[in-house]
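Peer 1: Each protein sequence line maps, in turn, to chains A and B.
Note that my numbering has the first sequence beginning at 38, numbered continuously upward.
Note that my numbering has the second sequence beginning at 7, numbered continuously upward.
It is possible that some hints are incorrect.
As the list claims (entries may be wrong) - From chain A, some residues computed to sit far from chain B (all C-beta separations above 10 Å): (1) Val-124; (2) Gln-248; (3) Ser-283.
Unchecked claim - Computed cross-link-like contacts, BS3-like style, restricted to lysine-lysine with a CA-CA straight-line distance of at most 25 Å: (4) Lys-153(A) to Lys-273(A); (5) Lys-261(A) to Lys-71(B); (6) Lys-11(B) to Lys-253(A).
Said to hold, decoys possible - FRET-style restraints, in silico, Cβ to Cβ: (7) Ser-243(A) to Asp-99(B): 19 to 25 Å; (8) Glu-97(B) to His-129(A): 39 to 45 Å; (9) Thr-20(B) to Gln-46(A): 35 to 41 Å; (10) Lys-11(B) to Glu-42(A): 26 to 32 Å; (11) Asp-99(B) to Met-111(A): 46 to 52 Å; (12) Asn-32(B) to Thr-40(A): 50 to 56 Å.
I should point out that these hints are in silico values taken from the structure, not numbers from a laboratory.
Since the structure is predicted, the reported quantities are computational estimates derived from the model, not experimental observations.
Ideal Cβ positions, reconstructed from N, Cα and C, are used throughout, including at glycine.
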Amino acid sequence: MKTYEKIFQTLFNEMNKVVVGQDDVIQQVLIAILCDGNALLEGNPGLGKTLTIKTLSELMELSFSRIQSTPDLMPSDITGTYIIEEVSGKRHFKFQQGPIFANLVLADEINRATPKTQSALLEAMQEKQVTVGNQTFQLDRPFFVLATQNPIEQEGTYPLPEAQADRFLLKIKLDYPSKEDEEKILDMYTSDYRPPKLPVVLNKKSLLGLQDLTRKVPIANDLKKAVLHLVQQTRKSEGLIEYGGSPRATLALVLSSKAKALMEGRSYVSAKDIEEMAYPVLRHRILLNFEAERKGMKADDAIKQIVDKMK
Amino acid sequence: MRKFKSVINEIVYTIDGVLILPVLINATIIFLVLFLITSLLNINALIAYVSSLLYLIVAARAKMKVDKIKLVELVYPDLNEKLRTARDYAEQDGELIDELHKEVASDIRYVESSAFLDTRRLTGKIGLCVLLCFLIIFLSSLNLDPNPFKDRVKDKINDAQQFLSGEALDKPAKSSSITTNVGGADIYGEMSVAKLGDKELDVKIAPAPYEFNIRNVRDAEKQDFGQVFPEDITLEQAGSYGENIPKDQQELVKNYFRKLTEG
């Protein structure tokens, strides 16, 4: 287990050479990758979202693509389309793969894309395949989508419906860096700093192996019951929550706790893992009622109340 | 790692033994205390046996239901969650599960049985048991009246009954000697029995003749008692005199009077 802990520690160390002060975000993105899930990232512009995922792709020798969502983005712009190609005087249709055919995909400002385009992306996320016309194309494994949402600009946006947001394993909140971290960023990126050539810490095969291993991390029976109880409480808190977590939330919480345990070099899941992962797993899956919103509560506050009651 | 199942079983059996010890000592204390009380009050000692046995059964069952693994985790926080996860996967194999079993098996070597016993309290209880044993033996050796309280209570009840029925409450002075307190009554009986009543007796003393004729001396004739018994003499049982001697002590009383008359 110490070997796995060393691998992830090395990954963090290499990431910190390029991305400063986002250790929590990096950890949660890695957890989502290990669980073979996708993540929704919410944060203000300019916090290093693209840099984070791009650096990660270099460290894991994975292909990376970026999709900038706009209101006129079409599903075919994501999935790809057939183009006419002329070879030796003969013309035929050739499928041109879209940006979705990468291992790590950054879908920037997904709430700006139309619902139809969002659905095309979400279908690819869910099925790990793309259907164009009457042909189905499998996506390369591992496949991870990091979709971002801009919390500031809400005009002309199409917020993800809750049912669609439920398909994301985690919702990661990106905050501004601390003063010390921002000073470090300032020193790094306003001087003649050149990002170093990053070594490959994990290759594709190792990553797929780790994804399988994540599911094998043991979890005690009473902790499984605690997870069930926690998610069920989100459905029963009538004074606070209108719409609670689905069984997908239960699966996500257990899987993400296992991934966290593996990353920390433990061969068992602890209650602390479940407590910490409850927030990114549940915050986009619960809908607060009017009373809670009137009091100015956020989803994290409601989750904290439920977690504290269980202690 | 199926051998891990035997590690878990060993932990459970060891902790069972450790948990049962205070229960046994408590049952012993309960037995000794109740035995002492029943001996002093001359009550059947079966109460002590039954009570301590009941406590032993109930307490032992309660202790058996305790989750031993959680108890070990409580005493050894380093094993928290690790041990119970290993227990839940005791019969399974896998890279991570084997790793966990190895880690736990290594950590378990530092678990000591003494960590689950409150030695101070246990020593105190054992001391109390020894003290109670000595007390019981000491009181038995003094040959104390086992019924001091019970007799007093009984006397009070009798006094109350007699008061209510209007009878005299004169009683003989209580003797502390065991030989004069047979069956709870004075061997001489009630003092009131010694009175002859208020009637005057008209007694005439007639001297018997002492001259006799030797020619008239002959053997006594056998006569039927019913023919010679004077008619004016009758027998009545004394109404106010009734000895209350228990049946098992009547022989003793008979022998006593016989010895008095003989000697």
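Peer 1: Each hint: holds or not?
Peer 2: Do the hints match the structure? See the list:
At the 10 Å boundary, the C-beta of Val-124(A) stays outside the reach of chain B, the nearest C-beta of that chain being 49 Å off. With a least beta-carbon separation of about 14 Å from chain B, Gln-248(A) lies farther than 10 Å from that chain, consistent with its non-interface assignment. Listed as outside the interface, Ser-283(A) is consistent with that label: its C-beta sits roughly 26 Å from the nearest C-beta of chain B, beyond the 10 Å cut-off. Proposed proximity of Lys-153(A) and Lys-273(A) is contradicted: the alpha carbons are some 33 Å apart, above 25 Å.
Pair hint Lys-261(A) plus Lys-71(B) holds up; C-alpha atoms about 22 Å apart against a cutoff of 25 Å. Annotation: proposed proximity of Lys-11(B) to Lys-253(A) holds, straight-line Cα distance about 19 Å (limit 25 Å). At about 23 Å, the beta-carbon gap between Ser-243(A) and Asp-99(B) stays in the expected band of 19 to 25 Å. At roughly 59 Å, the beta-carbon separation of Glu-97(B) and His-129(A) lies outside the given 39 to 45 Å, and the hint is violated.
Look at Thr-20(B) against Gln-46(A): about 38 Å separates their beta carbons, and that is inside 35 to 41 Å. The given range of 26 to 32 Å is respected by Lys-11(B) and Glu-42(A), whose C-beta atoms sit roughly 28 Å from each other. For Asp-99(B) and Met-111(A), the Cβ-Cβ distance of about 51 Å falls inside the hinted range of 46 to 52 Å, so the restraint holds. In this structure, Asn-32(B) and Thr-40(A) meet the distance hint of 50 to 56 Å, their C-beta atoms being roughly 51 Å apart.
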